[in-house]
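J.: Assemble chain F onto chain L, guided by the hints.
There are 2 protein chains.
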Amino acid sequence: MFIIKIGGGKEINIKGVISDLATLNEKIIIVHGANALRDELAQKLNYEKKIITSLSGYDSVFSDEKMIDLAMMAYAGLKNKRIVELCQQKGINAVGLSGLDGKLIQGKRNSGIKVREGGKTLLLRDFSGKPKAINKQLLNLLLVNGYTPVLSIPLIDENNFAINSENDDIVAHLQMEMKAEKIISLIEAPRFLLDKNDPSSLVLKISKTELETMEQKVEGRMKRKILAIRKLFDGGNTTVIISDGRTESPILDALNGKGTTIT
Amino acid sequence: MFIIKIGGGKEINIKGVISDLATLNEKIIIVHGANALRDELAQKLNYEKKIITSLSGYDSVFSDEKMIDLAMMAYAGLKNKRIVELCQQKGINAVGLSGLDGKLIQGKRNSGIKVREGGKTLLLRDFSGKPKAINKQLLNLLLVNGYTPVLSIPLIDENNFAINSENDDIVAHLQMEMKAEKIISLIEAPRFLLDKNDPSSLVLKISKTELETMEQKVEGRMKRKILAIRKLFDGGNTTVIISDGRTESPILDALNGKGTTIT
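Residue numbers (the numbering used here), protein chains in the order written: chain L, 248 to 510; chain F, 248 to 510.
There may be inaccurate statements among the hints.
In this list, chains with the same sequence are indistinguishable; a pair is considered to hold if it fits within one copy or across any two.
Here are the computed lysine to aspartate or glutamate pairs in the DMTMM-like style, where the Cα-Cα straight-line distance is at most 25 Å [as the list claims (entries may be wrong)]: (1) K257 with D311; (2) K291 with E312; (3) K443 with E424; (4) K379 with D481; (5) K470 with E273; (6) K383 with D445; (7) K455 with E413; (8) K313 with E295; (9) K470 with D442; (10) K296 with D316; (11) K262 with E312; (12) K337 with E405; (13) K478 with D491; (14) K313 with E287; (15) K313 with D286; (16) K262 with E405.
Since the hints were derived computationally from the structure, they do not count as laboratory data.
Just chain L, with the same shape it has in the complex (with noise of 0.2 Å):
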């Protein structure tokens, strides 16, 4: 079994992707982001994105209602069923699902950030968690009868609501539960870089050990990034292959060694 996880940006050759696949013989989860196409939406609709700071400096998009809304039209809806009908054209039998639907991935609703805001501290919470359970028998009833799961946000919380998370979380999540045996993480850039201002920092083969070492020596975005690839390794031996999806054949790129792969 393999587990793709699609980037959600514009340039991500996702024809390429599911062509690929579909020369494959394997099992397959696609994870899929939308953030190109709910920002756009967003904008189209005159709906400013709400950035908060929390008290120790870190900066998060708030998702109140109307972005979990954005989120159902441009993840689940307008992303989702078009990497849906592209996966039937190629052969692909492919289900697309959000963590709402059969509770497939379930999560903890974050429980608020400290902000200020005219001199006083506020708890702000909003619609976004952690993912903490994968309805496990779902996923293999649709696998075992040949259909491809197409998955993306929402999740469902501990209440039963939408929640935003993070795909990164989702894939470490799955990988936990499904143990599979390569994990192809497609972006927007040639490989996994160390430093984005500096294209020879360009990783092409890393061991898990190196990158505990590694993420130690980094801040901010890169440490979360590094964190989150050590986590695909919780659930035991893989193969995580972080490659450019811009690519005529992003997925067989990604196999013939074009991209960073961790193992």
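T.: Coordinates of chain F only, in the frame set by chain L:
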């Protein structure tokens, strides 16, 4: 088994519908519309719905690629996932699917509509069609495992493209395969109205035979509506209830004889 058709108007009390369904001990399939939401979204996105008039004088919405995008966002995205979320909150383990997912609802694309434009006769072909088959295996897989399917357009056509279709036709096809004991159709009117300008034309009970006689006497939209109801009996005996979706308890009202019952 009950099939519940939820109209796509703004005034349907979906919370009430789901609360009612949660009290029943029945297998359920939900088919929902979202035309009000889609039209609202189209307007906000400055997308003008194209209405074309055929040579025979019949008006229809032209489903171009953009209209399918809108259907994916409004029907399969926002409306579907909010209904699934409500179901989960009431303890119904819903799974929202479009006709594309697992080729659940397969259709045949319309061959095109002849129109007059600039003195010429043109054949305009859009992404619309009629349902022809259901993936009964997938529906049963979900139903026997305790999941409640929540279905919407788009359908998948013979070349694996997403197409628009009428919910009346989808429900008729579902019924042919699934043979539900009751079909409840929730509308934004007190009951089935023979003449929409005459409140006294509300029908409480009617037989399939009476419906056929009635069909001969009426024209246009009403003729098509009656034909759609008649088709629901093609798969064998059932009870069709057309009832007000705007009340506090739309499903219980329907079951308690407040709608139009057709046997």
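J.: All hints are to be evaluated individually against the structure, with a verdict given for each.
T.: Checked hints:
Within a single copy, K257 and D311 get their C-alpha atoms as close as 24 Å, and across copies as close as 22 Å, so both meet the 25 Å cut-off. For a Cα distance limit of 25 Å, the shortest separation of K291 from E312 qualifies both inside one copy, at 17 Å, and across copies, at 18 Å. In this assembly of identical chains, K443 and E424 lie within 25 Å of each other by CA distance neither inside one copy nor across copies; the values are 32 Å within and 55 Å between. Taking the shortest Cα distances, K379 and D481 sit within 25 Å of each other inside one copy (14 Å), while across copies they are farther apart (47 Å).
When the C-alpha separation of K470 and E273 is checked against a cutoff of 25 Å, the pair qualifies neither within a copy, at 32 Å, nor between copies, at 51 Å. Taking identical chains as interchangeable, the C-alpha atoms of K383 and D445 are never at most 25 Å apart, the minima being 41 Å within one chain and 54 Å between chains. For the homomeric pair K455 and E413, the shortest alpha-carbon distance inside one copy (21 Å) is at most 25 Å, but the shortest distance between copies (53 Å) is not. In this assembly of identical chains, the alpha carbons of K313 and E295 lie at most 25 Å apart whether taken from the same copy (10 Å) or from different copies (24 Å).
In this homomeric assembly, K470 and D442 come within 25 Å of each other (Cα to Cα) only inside a single copy, at 11 Å, whereas the closest approach across copies is 67 Å. In the homo-oligomer, the alpha carbons of K296 and D316 lie at most 25 Å apart both inside one protomer (13 Å) and across protomers (22 Å), since each shortest distance falls under that limit. Taking the closest pair of Cα atoms, K262 and E312 come within 25 Å of each other only across two copies (17 Å); inside a single copy the shortest separation is 32 Å, beyond that limit. In the homo-oligomer, the alpha carbons of K337 and E405 lie at most 25 Å apart only across protomers (13 Å), although the nearest pairing inside one protomer, at 37 Å, exceeds that limit.
Taking the shortest alpha-carbon separations for K478 and D491, only the intra-copy value of 21 Å comes in at or below 25 Å, while the best inter-copy value is 51 Å. For the homomeric pair K313 and E287, the shortest alpha-carbon distances inside one copy (14 Å) and between copies (15 Å) are both at most 25 Å. In this assembly of identical chains, the alpha carbons of K313 and D286 lie at most 25 Å apart whether taken from the same copy (12 Å) or from different copies (18 Å). In this assembly of identical chains, the alpha carbons of K262 and E405 lie at most 25 Å apart only when taken from different copies (19 Å versus 36 Å within one copy).
Checked against the numbered hints above, the structure violates hints 3, 5, 6; every other hint is satisfied.
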